[in-house]
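Starting from the known structure of chain A, fit chain B onto it as the hints suggest.
Protein chains in written order, with the numbering used here: chain A, 1 to 415; chain B, 1001 to 1120.
You may find that some hints are simply not true.
[To be verified] Cut-off 30 Å, straight-line C-alpha distance, at most; resulting in silico cross-link-like pairs (DSS-like, lysine-lysine):
1) B:Lys1023 <-> B:Lys1063
2) B:Lys1063 <-> B:Lys1052
3) B:Lys1023 <-> B:Lys1052
4) A:Lys69 <-> B:Lys1002
5) B:Lys1002 <-> B:Lys1055
6) A:Lys69 <-> B:Lys1023
To be clear, the hints were calculated from the coordinates, so they are not data collected in a lab.
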Amino acid sequence: MTAPVADDIDAIYRTESRRIFATLVRLLGDFDLAEEALHDAFRSALEQWPRDGVPANPRAWLVSAGRFKSIDGIRRQARFTAWDDAVEHTAAVADPAPAWDDDTEDLEDDRLRLVFTCCHPALAPDAQVALTLREVCGLATEEIARAFLVPAPTIAQRIVRAKARIRDARIPYQVPLLAELPERLDAVLRVVYLVFNEGYAASSGESVTRADLSVEAIRLGRLLVDLLPDPEALGLLALMLLHDSRRAARTSADGELVLLDAQDRSLWNRAQIGEGAALVERALLSRRFGPYALQAAIAAVHAEAREAAATDWPQIVGLYDVLLRLDPSPVAELNRAAAIAMRDGPATGLALIDALLARGELADYHLAHGARAELCRRLGRIGEARVAYERALSLARQLPERKFLERQLTLLDLK
Amino acid sequence: MKYLCLVHYDEAVIDTMPPDELKALGDESHAYDRELERAGHYIASNALESVKTAKVVQVRGGKRSHVDGPYAEAREQLGGFILIEARDLNAAIQLAGRIPMARYGAIEVRPVETLQRRAA
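The following block holds chain A by itself, in its conformation from the complex:
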């Protein structure tokens, strides 16, 4: 085989295989058949292209090859399978598949179909995440397991069950109708954001960020924006880009968390900030924006400040006010309280946080106690600060955050 052709096939696999898979799922009506067909198609390419040359439209060639191999395989298998099964299988393949033509728009629709099917509300949230990462992003079961610190058989089981559920419940392979689109898109955006957060602020483990998951989430976000430029899809991509732009500044050399106000802003990724800010603007101009676009707008205000002291706190408080009207949550309230502490002074912020903690919802949220500790410290109420830092430390599960809190406690002792 000539090496350049093998390299071509490699490159096509990387960029096109998930698209081809999505189309094969539609043509064959089954995830597992599509996976085998995809595998067979690339195998045929490795055999034939070095001899016959790379076809003019590799994607169409691979889809056709995968489809043909699959039908051929089912016929061969039929000699051994109970006849009823074989008939059912062959019918399932032959039936919904119209003659395939290379309609690019159709292909993109297939990817969107795949995303919506993987994030279908009939599937458990854990399963939605695992299925999306494996089928849409092409991650291996073992990679997903490593990223979420879950044993591989657990992830494998979630994927097997989810596929069985899709089959048994006959979940249709389609983009939802306009009427149900907002709700269904919401589920998709939630899955993408969950993947991003697990990569950016992993819930446990030794490093603050697991970059691989964030990269996948941003890729998914770009895909959604390309296929369905809804203001909230724009907002979510912007939010992820803006958060991710601070990745290099978020941890110190010895693995400790660095808070926003102490970060070296020269380490921020300016290209990503520019792209994120432009997306926020597009989303806000649509006037149909939601919580993702608003959170992105807040992140953009932070990103625009060349130094922490130059942050436009009144604008941030204003954006939180709108966010809370649109999508009330105790965590957003906590963030608003922290912004008010910056605008009006620590005593005002502390009163808000204490009222929030008294309501109980955030009683076990380490960041709430961390924020309280910080404001107490600034007010010179060292004893209270110590108690709050200790409470935060007892709740924090991430090593860099724990290191940060331990150091804050040591600094208190020096006072």
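Here is chain B on its own, set in the frame of chain A:
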């Protein structure tokens, strides 16, 4: 990644199977191996002789002992294996599910340890 599919089944089921059914199962198993081979998943496979022919060897405190298979009481025995190459655990599970013997016994899918994992 490589996965070892360990085929466990109750030997009594195979022993009491009518000859033509047994032959059909043998043909089908052979055909599936060829199918795995055509698709590039196949690395190696073998059926094993009855567990009655097995010996178990141990060395303890420098002394070697060998006894008949101590696991003979278990109903399902290791009766064969197929070593496959698959994209990931789910792809391996899917391929293992189509091993004909899965209808009579159970297939244990074991990831083969890689150097990278051992180093981690």
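Checked hints:
| no. | hint | result |
| --- | --- | --- |
| 1 | B:Lys1023 <-> B:Lys1063 | 44 Å, violated |
| 2 | B:Lys1063 <-> B:Lys1052 | 24 Å, holds |
| 3 | B:Lys1023 <-> B:Lys1052 | 22 Å, holds |
| 4 | A:Lys69 <-> B:Lys1002 | 24 Å, holds |
| 5 | B:Lys1002 <-> B:Lys1055 | 28 Å, holds |
| 6 | A:Lys69 <-> B:Lys1023 | 28 Å, holds |
Comparing the model with each numbered hint stated earlier shows that hint 1 is the single one that does not hold.
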